[in-house]
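Colleague: As a plain string of letters, each chain reads:
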Amino acid sequence: MLWLLVAVPAIAALLSFALPWNGLRRVLLVLSASVHVGLTVAVFVEPPEPVLDGWIALDAASLLFLAITSVLFFVTSLYTVGYLAQEKRPATLDPTEAVRFANYPEAVFTGCLLMFLAAMTLVLVSHHWGLMWVAVEATTLASAPLIYFHRHPRSLEATWKYLLICSVGIALALLGNFFLAVSAKACPGESLHLTIAGLEQHASQLNRDWLRAAFLLLLVGYGTKMGLAPMHTWLPDAHSEAPSMVSALLSGVLLNCAFLAVLRGHSLLVKAGEGQFSRDLLVLFGLLSMAFAAAFVIRQADYKRLLAYSSVEHMGILVLGVGIGGIAAFGSLLHAVNHSLTKAMLFLAAGNTLHRCHTKSTAEIRGLFRVLPVTAVLWIVGLLAITGSPPFGTFLSELVILKGMIDGGRIVVAVAYLLALAVVLIGMSAIVIAMVYGKPAAAESSAESNPEASDTSPEPAWSILPPLFLGLAVLFLGLCVPRELSDLLHEAARVLGAE
Amino acid sequence: MALWLDVILVLLILTSLWLLGSSRLRACIQAVAFQGIMLGLIPLLCAWPDITVRLAAVAVLSMVVKAIVLPGMLRRAAREANVRYEVQPLIGFTTSLLLGIVLWGLAMHVSRQLPVTMLHVTPLLIPVAIFTIFCGFLLIVSRNTAVMQVIGYLALENGIYVFGWAFAIEDPLLVEMGVLLDVFVAVFVMGIMIYRLSREFDTIETDELDSLKE
Chain A
2 MLWLLVAVPA IAALLSFALP WNGLRRVLLV LSASVHVGLT VAVFVEPPEP
52 VLDGWIALDA ASLLFLAITS VLFFVTSLYT VGYLAQEKRP ATLDPTEAVR
102 FANYPEAVFT GCLLMFLAAM TLVLVSHHWG LMWVAVEATT LASAPLIYFH
152 RHPRSLEATW KYLLICSVGI ALALLGNFFL AVSAKACPGE SLHLTIAGLE
202 QHASQLNRDW LRAAFLLLLV GYGTKMGLAP MHTWLPDAHS EAPSMVSALL
252 SGVLLNCAFL AVLRGHSLLV KAGEGQFSRD LLVLFGLLSM AFAAAFVIRQ
302 ADYKRLLAYS SVEHMGILVL GVGIGGIAAF GSLLHAVNHS LTKAMLFLAA
352 GNTLHRCHTK STAEIRGLFR VLPVTAVLWI VGLLAITGSP PFGTFLSELV
402 ILKGMIDGGR IVVAVAYLLA LAVVLIGMSA IVIAMVYGKP AAAESSAESN
452 PEASDTSPEP AWSILPPLFL GLAVLFLGLC VPRELSDLLH EAARVLGAE
Chain B
99 MALWLDVILV LLILTSLWLL GSSRLRACIQ AVAFQGIMLG LIPLLCAWPD
149 ITVRLAAVAV LSMVVKAIVL PGMLRRAARE ANVRYEVQPL IGFTTSLLLG
199 IVLWGLAMHV SRQLPVTMLH VTPLLIPVAI FTIFCGFLLI VSRNTAVMQV
249 IGYLALENGI YVFGWAFAIE DPLLVEMGVL LDVFVAVFVM GIMIYRLSRE
299 FDTIETDELD SLKE
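Residue numbers (our numbering), protein chains in the order written: chain A, 2 to 500; chain B, 99 to 312.
Chain A with its partners taken away, still in its complex shape (with noise of 0.2 Å):
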C-alpha cells in the first residue's frame, strides 16, 4: 500500500515522458492524481504496515502532510489541465519586455509534475534519515523544470537561484545526517541504521553536542526548502515565475514537506531531553521570518511576490507555534493545514489574473471586479482568510498558537507575533483592495492599446472550481474542525513529540 502511494505517481511519470499524445497525458494526470487521493484514503481507513524494515512507514504527522498533498495535488491538477490546454504555443512575446519565450514541452511538464508528487510523497512516509534527505533532494531535481517552463529569462534566473540556493541547504542537512550518525556511535551495542524509531528509542543515549550540532544544521538545510528567514531568498523568486498552479504546489505542499523534516529533527531533540535548545532555535527562526515577511510585503509591487513573502511569514508563524510548544503546535498543524488550502487557492486567483491581464505589478491591476468577477471574489475571500480573519480557519490556528503563547507566557513573543501579523493584515489589504476595488485609472486607454485586457468574457470553469473549493474547505474549516481530523492532529503532535 505504502508502495503503491509513491510507485503510482512516479510510473505515470514515466508514462507521461513516454506518451506521444498531449490529451491522453492530461488524463493521466488527473488519473493518477485520483488514484493518489483514493490511497490515501485507503490509507486513512486503515493504516498500512511499515515497509523496507521500517524506513517507510506511516504515522500520524505523515498521514496529516499526505491528506494536505494528496487534495492539493488534485485539485491543481484540474486546474493544470484546463491551464495547459489554453497556453499559446510555440513562441509567445513577452508582452511588456519584448523577450521572446518558448514554454518546455508538455510532456517534461506533466512528467516533472507527477516524479514532484512521488518525490514529495516519499519525504512524507520515510522514517529513514538517510532516505528522507534523498526524497528532498529528489523534490528539488523534480520542480526546477517545473519553475523553468516559461523558458523566460527570468524564470531561467529564478531556477538558478532556487537550484543554487537549496542545494546548499541539502548540503548543509546532509551534513546535520552525518552529525546525527556520529552522535548515534556514543549508544552502545549495534548500529542504529539511523531510521527514526531507532534514533528516538536510544535518544537519551545519543551524544548531546553532535545531537545539538547536527539539529542546527538540520534546521538550516530543511529551512532553507522551507524558507525560514534569512535562507528564504530563493522563495520570492521561484514562486513568482513559476506557473501558477506550480507556485500553488511549491508553497502548499513542497514548504509543509520541508517543515514535517524539520520536525523531525524537533521531535528526536525533545525526546532525547534537548528540547528546550531546538523550542529556542524555533521561536527564533519563527518570528525572524514573520518580520523579514512583513517588511517586505508593504508596497510589494507584484502581487505574486506578495504571496510568496506570504508563505515565508507563515512558514514562520508555523516553526513559532511548534517552538512556543503545548497547545501552539496542535494550533500550528492545523495551521500547515489552512495556510496550505489558502495559499493555494490564493496563487490559483492570482493565475487567473496574470492570465487575463498580463501583468504581475499591483499598481497596474485595478478595478478587478469589472473584469474577473469570480476571481475578484477569490481574492478578497484569500486576503481575509490568509491574513487570519474570522471565520476562516487560519483565524481559529492563529487563535490557537497565540492561546499557547499566553499559557507559556511568552509575552514577548506574543507581541511580536501579534505585531507582525498586523503589519502584515496592513500590507496585504492595502494592495489586495486597491486591485479589486481601485478605479481603472486609464481603463480606455489601455484597451485601445490592449484589447484583451478588456475582454470581459465568462471565466471559464476550470480557473475557478479549482480555487472556490478550496476557499469553501478552509471556511469550513473555520466553522468546524471535523473530529477526525482534529484527533489526527493531536496524534501528530504527539508522534512529532511536540505537545
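Some clues are possibly wrong.
Claimed, not checked - Which bits of chain B does chain A cover? Going by a derived footprint, with three or more residues having C-beta under 8 Å, they are:
no., stretch
1, 152–164
2, 201–214
3, 258–264
Think of the hints as simulated: they come from the structure by calculation, not from any bench. These numbers come from a predicted model, not from an experiment. Beta carbons are placed, not taken as given, at the ideal position from N, Cα and C, and that holds for glycine.
Fit chain B to the given chain A structure using the hints.
Modeller: Only chain B this time, still in chain A's reference frame:
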C-alpha cells in the same frame, strides 16, 4: 597510515587556499579535481589494512566522478561559455586569502566544541572538513561566474565528504547516497543549467541574473 592521512589533510587545506586565491578557472578546476583524488584516498587510509570490496568500489567511483567526470564537464562549460578568468569577484583574491586564514581559525574553534574522544580519527580531520566547507561557502557567495560558484559548491561538498568518509567505515550507506545524489545535483543539473545560461545570456555571469533583485 595516520601520517599519510595527515599529509592528505594538509594538502586539502592548501588546495582550498589555492581556490580562494586564484582567478584562473582552469587552475581552480584542476585544484578541485586534485581534492577529489585526495578525498578518494581518505577512506582507504582510514580503513587500512582491512579494505572491503564495497569500500574500495565507492572510493574509486568517487575519485572517477570527482576528479575526472565533473572537472571535465566544468572545463567544457567554461570553454563553451568562453570564460577563462574570474575577473571581478565580489571579494578580492587577497582579501579572500586573508579571510581563508580567519576561517581556518574559526574551523579550529568550532571543532573544539565537538567532542571527538569516541571517534578514532586524527584530530586534524574535523577542522579540515569544516574549513573546506567554509571555503566552499565563501566561493559561492563571493564569485561572479557561474563556473566558479559550481567550483565553490564542489569544495563545499568535498568538505562534507571528508567528514562523511571518516565515518563511512561503519555505515557506508549514508555516504554512498551522498555520492550519488550530490553528484547528480551539483553537476548534471547545474552543468545543463550553465549550458543554457551561456546560450541565453551570451555570458555566464550570474550577476547578469539580477533583474529580480529588490
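Colleague: So which hints don't hold here, by number, going up?
Modeller: Per hint list: single violation, 1.
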